[in-house]
Amino acid sequence: MTVESNTRHATTARPNSEAIAFLVMVLVLVVAPAFVYPVSLMKALCFALFACAFNLLIGYAGLLSFGHALFFGWGAYLAAHLAKVGTLSLPYWAPDWAGGWAGGWHWFVIALPPLPPELAILGGTLFAALLGLAVGTLAIRRQGIYFAMTTLALAQMMYFFAVQAPFTHGEDGIQAVPRGMLFGFIDLRDQTAMYAVTLTIFLASFLMIHRIINSPFGEVLKAIRENEPRAISLGYHTQRYKLVAFVLSAMFAGLAGSTKAIVFQLASLTDVDWPMSGEVILMTLVGGLGTLFGPVVGAFFVVTIENYLTQIGQWVFVVQGAIFVICVLLFRRGIVGEVAQRMQIRL
Amino acid sequence: MFDFLGISPQALFGQLLIGLINGSFYALLSLGLAVIFGMLNIINFAHGAQYMLGAFAAYFLLNYAGLGYWWALVIVPIAVGFTGIVIERLFLQWLYKLDHLYGLLLTFGLALVIEGVFRNFFGSTGLPYTVPPSLQGGQNLGFMFLPNYRAWVVVLSFTVCLATWFMIERTKLGSYLRAATENPTLVRAFGINVPRMITLTYGFGVGLAGLAGVMAAPIYNVSPQMGAHFIIVVFAVVVIGGMGSIMGAIVTGFGLGIVEGLTRVFFPEASNTVIFIIMAIVLLVRPAGLFGKRA
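Protein chains in written order, with the numbering used here: chain A, 1 to 347; chain B, 1001 to 1295.
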């Protein structure tokens, strides 16, 4: 894999540039609700986390997943369902013991009350990680272009399940999800509290992803990205590393989706369909593949553009497509990658 | 004889025919993808959009130029292929030295632009395109009714697939192509204009998508999103078959269409997902794909 790596170009890094940028980002995000409509900010934060999760895979392991909407959308569905209904009904097939091959579908019911938001989000996140384990196990068996097509196809399969499963309510989605009381005493119906919680989730995940990237595990991922046969010859089980990276990425994508479901009180088919997978790729590409802050900048950029473009309807897709083409042809480092390159720092 | 498991022969053969029709399009489209990937090392995400473009071009020819289906069958593949050549010269030629992924991302962007533009002008509802008079009606085969047009689509698609296979595997031009796929530098040293061959190959693959679009116009409605979901299924077909072999793409395309048709009879809930499930199983059992040479 030789995805144009941004980190490689900035070896003469001053070590504190990332720390300064992080403090600036925190400051901006804390002050921002005073100037910008908080719901737009929360939307951008959820997508920023989604893009960071995606970037963990493409930017550091060199794996292009074209199906990340799967984890975002199903995380959102499960969190919304847990917060609104609770009870889980799992279908399974069993033979009728009367004999022969005849059988039928049955429901395995786990009776649960509607869960508080923290458990709903936890449930959505863990479910996404589980899906990541299943999809990742299949997808990492192929490399490069086939990996992208496999993830896209599996995501489409799960999209059709979402269309058919009764609990998702098809075209309507799961609506009017209660925000509830976080830990029993923080009322999330209050916009400021909701913003604070979303920001906390985002910042904590951002730091965790930063930690992962800079751990020995992250170094091995980068080695796989640069030259997989060499990593294998050095004795690393690259498949295992790629799978763990995939599961982590799916987990954070699920966390982003679950948070989004609680913030907007909605989980719908839009979240699992392929244009969502395209959107997260666009955000990461615009911001800068393989940069720490790129996905965040890219998510805010794309969300802002879409807010301005809502009046022109379908042209949004044309604009998105055009940005893809321009980025790939002229601007492969992305916004943050370009800035980091110019200033010879690491971002 | 045909009445087993309580399924009427009409339903069984009707769905088999639909499966065969879908398979025709899977074969044509995955063939185009395989040819393009062989030469350009790019997965053409815009393939679905170009298929849609072919259907719309046939619609325009009929309604604005008064040229019917048979004219469209000749003109549209050339016209759509020409747009492919323009795209290759304008955009794709700059990507050959980069990672494969950029080609995928760029063609994905192009697909968004093309489909977005058409959706703006034509909305989401489909436009009708009538079956040409000479192919209307059908044959009663006793156990089922076979519409002439559907039979024609299967035969034409099969013929085009075989002709393409013959051209690539059995002619001198095809041997140049295969050689250039293996080692472009060496083939250039023999005085063959490889860059032009690459351009024409992309045009040819895109032209195949345009042809599929014309053939699809009387069967499915002509609509801006007719290609978007279709191309994802074709991707799964390509993962199952592997892109190493032309014949592999054809066999997998037709075969999966038939399997999908049968699923619609016996287990209709899974008809949308069966190809993806097969893909998952193939990845577990034979990661390189049914006809793939290596992982």
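A couple of the hints might just be wrong.
[As the list claims (entries may be wrong)] Far from chain A by the CB rule (all over 12 angstroms, computed), these chain B residues: (1) P1009; (2) A1011; (3) F1037; (4) N1041; (5) F1091; (6) L1101; (7) R1119; (8) W1152; (9) V1187; (10) L1262; (11) N1272.
[Stated by the list, open to error] Once the Cα atoms are required to be at most 20 angstroms apart in a straight line, the calculated SDA-like pairs of lysine to any residue come out as: (12) B:K1097 <-> A:F331; (13) B:K1097 <-> A:N227; (14) A:K222 <-> A:T200; (15) A:K43 <-> A:N227; (16) B:K1097 <-> A:E219; (17) A:K222 <-> B:L1098; (18) B:K1097 <-> A:I326; (19) B:K1097 <-> A:K43; (20) B:K1097 <-> B:K1172; (21) B:K1097 <-> A:K84; (22) B:K1097 <-> A:T87; (23) B:K1097 <-> B:L1162; (24) A:K43 <-> A:G144; (25) A:K84 <-> A:H210; (26) B:K1172 <-> B:G1191.
These are calculated hints, taken from the structure and not from any lab test.
Think of the CB as a built atom: it goes at the ideal place given N, C-alpha and C, for glycine as much as any other residue.
Each hint, compared with the structure:
{"no.": "1", "hint": "P1009", "result": "holds (23 angstroms)"}
{"no.": "2", "hint": "A1011", "result": "holds (21 angstroms)"}
{"no.": "3", "hint": "F1037", "result": "violated (8 angstroms)"}
{"no.": "4", "hint": "N1041", "result": "violated (8 angstroms)"}
{"no.": "5", "hint": "F1091", "result": "violated (7 angstroms)"}
{"no.": "6", "hint": "L1101", "result": "violated (5 angstroms)"}
{"no.": "7", "hint": "R1119", "result": "violated (5 angstroms)"}
{"no.": "8", "hint": "W1152", "result": "holds (30 angstroms)"}
{"no.": "9", "hint": "V1187", "result": "holds (23 angstroms)"}
{"no.": "10", "hint": "L1262", "result": "holds (17 angstroms)"}
{"no.": "11", "hint": "N1272", "result": "violated (4 angstroms)"}
{"no.": "12", "hint": "B:K1097 <-> A:F331", "result": "holds (16 angstroms)"}
{"no.": "13", "hint": "B:K1097 <-> A:N227", "result": "holds (17 angstroms)"}
{"no.": "14", "hint": "A:K222 <-> A:T200", "result": "violated (28 angstroms)"}
{"no.": "15", "hint": "A:K43 <-> A:N227", "result": "violated (37 angstroms)"}
{"no.": "16", "hint": "B:K1097 <-> A:E219", "result": "violated (26 angstroms)"}
{"no.": "17", "hint": "A:K222 <-> B:L1098", "result": "holds (18 angstroms)"}
{"no.": "18", "hint": "B:K1097 <-> A:I326", "result": "holds (17 angstroms)"}
{"no.": "19", "hint": "B:K1097 <-> A:K43", "result": "violated (37 angstroms)"}
{"no.": "20", "hint": "B:K1097 <-> B:K1172", "result": "violated (27 angstroms)"}
{"no.": "21", "hint": "B:K1097 <-> A:K84", "result": "violated (51 angstroms)"}
{"no.": "22", "hint": "B:K1097 <-> A:T87", "result": "violated (53 angstroms)"}
{"no.": "23", "hint": "B:K1097 <-> B:L1162", "result": "violated (32 angstroms)"}
{"no.": "24", "hint": "A:K43 <-> A:G144", "result": "violated (31 angstroms)"}
{"no.": "25", "hint": "A:K84 <-> A:H210", "result": "violated (33 angstroms)"}
{"no.": "26", "hint": "B:K1172 <-> B:G1191", "result": "holds (15 angstroms)"}
The structure fails hints 3, 4, 5, 6, 7, 11, 14, 15, 16, 19, 20, 21, 22, 23, 24 and 25 (numbered hints given earlier, in ascending order).
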